[in-house]
Amino acid sequence: MKLQSVEEFFHKRETVEKYNVDKIIKLNWECPDVLFSFRGVYAIGVFIYYRQLFGDNVKTDIKVKDEKGATRQRLYSDKFLSENYPQFSDVNDLPEIKGFLEHYYDIGNIIPTWPGANINRGMAHCYDIPNVYYKRHAKFTKLVYGSIYRSVFIEEILENDKYDTVEKLLKLKPEQYVKFLEYIVDVIINRNKQLQDILQEENGHE
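All letters in the sequence shown, in the order written, are residues 1 to 206 by our numbering.
Since the hints were made in silico from the structure, they are not lab data. Any given hint could turn out to be false.
Stated by the list, open to error - Result set (DMTMM-like, lysine to aspartate or glutamate): computed pairs, CA atoms no more than 25 Å apart in a straight line:
#1 K79 / D93
#2 K179 / E7
#3 K179 / E96
#4 K12 / E102
#5 K2 / E156
#6 K59 / D90
#7 K135 / E17
#8 K63 / D90
#9 K26 / E201
#10 K135 / E201
#11 K173 / D93
Start from the sequences, fold in the hints, and give me the full structure.
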């Protein structure tokens, strides 16, 4: 499946995990989760390109402003993004956003996790960015991906320190955000190729 636009993403509710369920079973992965959440990556882009819409003194929990100041509405919420995405054309029209959407449903954008990790990632104000989450939970990351799941191909994430804190991500300039998107797509494409090779080997043994 290749998404063509931000609009299509917000109207399509099938999860990446459900779309790839047959491949996940063949890989014998438990607790699968999307690697790079589009909603999280998109929210960071909206913050960078439309900084004036959000509260001051931002650390991680970004609140939307109105004429009276910061509201309770969070940027990361599905409600805010799904209702307001049409006004964020500077992000929507980026070729790199479209490139991310094109590969969003690839098996290269799924990762096996440990119990509770997929829920925890979504609630940790890390915008579901694996670079941030795996650094925060380095012990679990080392245990799970060093002993249980060896062929997950996340070296490009673990060895990259440009995007490993929310603070770093929110300070990106627009041109740096574009580079971040390019990096994400490269990770997905590289993992996709390696995982497809494993799946083809599995098919050959059936």
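Status of the hints after comparison with the structure:
{"no.": "1", "hint": "K79 / D93", "result": "holds, 21 Å"}
{"no.": "2", "hint": "K179 / E7", "result": "holds, 22 Å"}
{"no.": "3", "hint": "K179 / E96", "result": "holds, 9 Å"}
{"no.": "4", "hint": "K12 / E102", "result": "holds, 14 Å"}
{"no.": "5", "hint": "K2 / E156", "result": "holds, 23 Å"}
{"no.": "6", "hint": "K59 / D90", "result": "holds, 23 Å"}
{"no.": "7", "hint": "K135 / E17", "result": "holds, 23 Å"}
{"no.": "8", "hint": "K63 / D90", "result": "holds, 20 Å"}
{"no.": "9", "hint": "K26 / E201", "result": "holds, 11 Å"}
{"no.": "10", "hint": "K135 / E201", "result": "violated, 32 Å"}
{"no.": "11", "hint": "K173 / D93", "result": "holds, 17 Å"}
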